[in-house]
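Chains as they are written, first to last, in our numbering: chain A, 1 to 339; chain B, 1 to 339.
Heads up, a few of these hints could be off.
Pairs count within a copy or across copies, as identical chains cannot be separated in the list.
Derived pair list, reagent style SDA-like, types lysine to any residue, alpha-carbon separation capped at 25 Å [to be verified]:
1) K240 <-> D289
2) K240 <-> D56
3) K174 <-> R26
4) K304 <-> A196
5) K146 <-> S281
No lab work stands behind these hints: they were computed from the structure.
2 protein chains.
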Amino acid sequence: MADQNRQWLLTSRPQGQPKTSDFEWRVDDVPSIEDGQYLVRVLYAAMDPAIRGWMDPSGNYMDPIPLGSPVRSVVLGRVVESKNPDYPEGMIVSGLGAWSDYVVGFPGMLGPVPAEWGHDFTTYLHPLGAVGATAYYGLFEVAEYKDGENLLVSGAAGGVGSLVGQMGKIKGSKVVGIAGGPEKCAWLTDELGFDAAIDYRATEDLSAAIAEHFPDGVDVYFENVGGPMLEAAIDNLGQKARIAICGMISQYNESDNPPPGPHNLWRLLVTRSRMEGLLVSDYMHRAMDGYAEMNEWIKSGQLKFSVDVREGLENAIDTFNLLFTGAHDGKLLLKIGDE
Amino acid sequence: MADQNRQWLLTSRPQGQPKTSDFEWRVDDVPSIEDGQYLVRVLYAAMDPAIRGWMDPSGNYMDPIPLGSPVRSVVLGRVVESKNPDYPEGMIVSGLGAWSDYVVGFPGMLGPVPAEWGHDFTTYLHPLGAVGATAYYGLFEVAEYKDGENLLVSGAAGGVGSLVGQMGKIKGSKVVGIAGGPEKCAWLTDELGFDAAIDYRATEDLSAAIAEHFPDGVDVYFENVGGPMLEAAIDNLGQKARIAICGMISQYNESDNPPPGPHNLWRLLVTRSRMEGLLVSDYMHRAMDGYAEMNEWIKSGQLKFSVDVREGLENAIDTFNLLFTGAHDGKLLLKIGDE
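Given only the sequences and the hints, what does the whole structure look like? Please build it.
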């Protein structure tokens, strides 16, 4: 147990990509807890694009991170001290924490993970955590995916996208992913079983490339990127298609000067298609149902995933910015404490 | 009964707003009919923005009008000769016809209107026709409107928009319409009972104007226009809001150079909102249910409407173009034959 609590505080609202000067590195004593609380040693933090939104004054879909406060992040950790019988010492918990060595938990802030399933802890921050729940409920509920439908996924080599595509394959779909670079594309087709992958960096006409794979149109488009990819996908929607908007990472650093939206929204009208935003928090109260099904797929080898674990709380900001350069391989996690 | 059949044929694909030179005025004999067919004297044609889409090579959501064929249009007319017992002489019918004095009907092409309800014939081309069905099913089914929700309508002084707003008032909503010009806005508030109307021509910051009326956000946005209005509405969406896309008239003449789409689609994500296209043809098989309810509202004076009837088939093109200049007052109809 570390005897200090290191943390990254947000001290100014980033313009575009966050810089180290937007943060303060502070070292405090390990916090003490009161009745009903529990102390969590943070082991891993998930580097999620949503964090960038929480740094903005609007906060997007949560309260903004207050200036002077630690950077909010989904974490996994171990209860190391407890004044709450529901959170006994040694329990592995996950939920909203911070870029810090320790967080003080209150009831409902973090929840136990099914550690008894015996996976690596990182698994509970990817398929068996909010990432997996986003993929599962986004595909099956928001997009109302039906077995065998034509499925297109952007950000396909990312955490959510890679799971979505594999779920489509498990359910009998033709699945095409959009990703950046030949290595990611090869991973999608060779390792994960996608039918095809489109390397957007090497593709001049994205819309035509999609049309080649789906001449009859796309039934479900799972959107992780936004911008030109969304427009290309809308070009290729079939009748009564559904777009689940899970993320628009291309716009997160551009809130002052966002790129123009798709020119072709009228196609939603002529195809009677639907586009809907997805927040996983709407589904977390029943996420264990999805986790249980995904757990079976993981055990049978049908659902694969990749984590890219970087080390050291001191590297949080540089690690976080890898999200926006694409220079990571699988779900990006930061290891903060030893298991 | 006229002894000639005058018609407007589409002879070239219009660029932007249609010009007379895109059409041919042809006068033929009154067509003869075969067994199973019926001859309809066209009395009124509805001037619908959708017709513009059918003139394009893509046709948008129907087959394009073939070059050399009469311009497709929703019409109302009287059966004047019949070789089909389901369509007796004298029956008043409506459905897809053409800009012509006569159309030859086949089973299912046109259908009887509930003339026994005793309304002016024009009523069956507005609230008790496809326009009314679009408003009714768009609001209650596509937008899943619930009583009392905050309702924003663009193109509010148009055929569909004016009905949508009144239905919201009947169901207890706060309703704000967006329209062009003080006369239209006054009509919405003074005659139709809208809570407020925003004159987009006199409003610099449309988004702020909407926010003033709906500080808690818009629950349902009924979209008839597209372009900057859509972006302003998206700025003001509440949580779990729904956008029914009924039309995007601002884009119909711009298919070669469409205006950019909304910059703020990420707000669909953070509000978990939904945007969905609406085609009334999906609902026509059960439209009589909606008509029956609207008939009661019309009889009780709760649902008002305005038709702008222009005269003469020869004026079809100029009349049609009034749709895009806004220089009409209520649902635009062209009277082609005497009742």
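Results of checking the hints against the structure:
no.	hint	in the structure
1	K240 <-> D289	between (28 Å within a copy, 23 Å between copies)
2	K240 <-> D56	between (35 Å within a copy, 22 Å between copies)
3	K174 <-> R26	neither (50 Å within a copy, 50 Å between copies)
4	K304 <-> A196	within (17 Å within a copy, 55 Å between copies)
5	K146 <-> S281	both (23 Å within a copy, 24 Å between copies)
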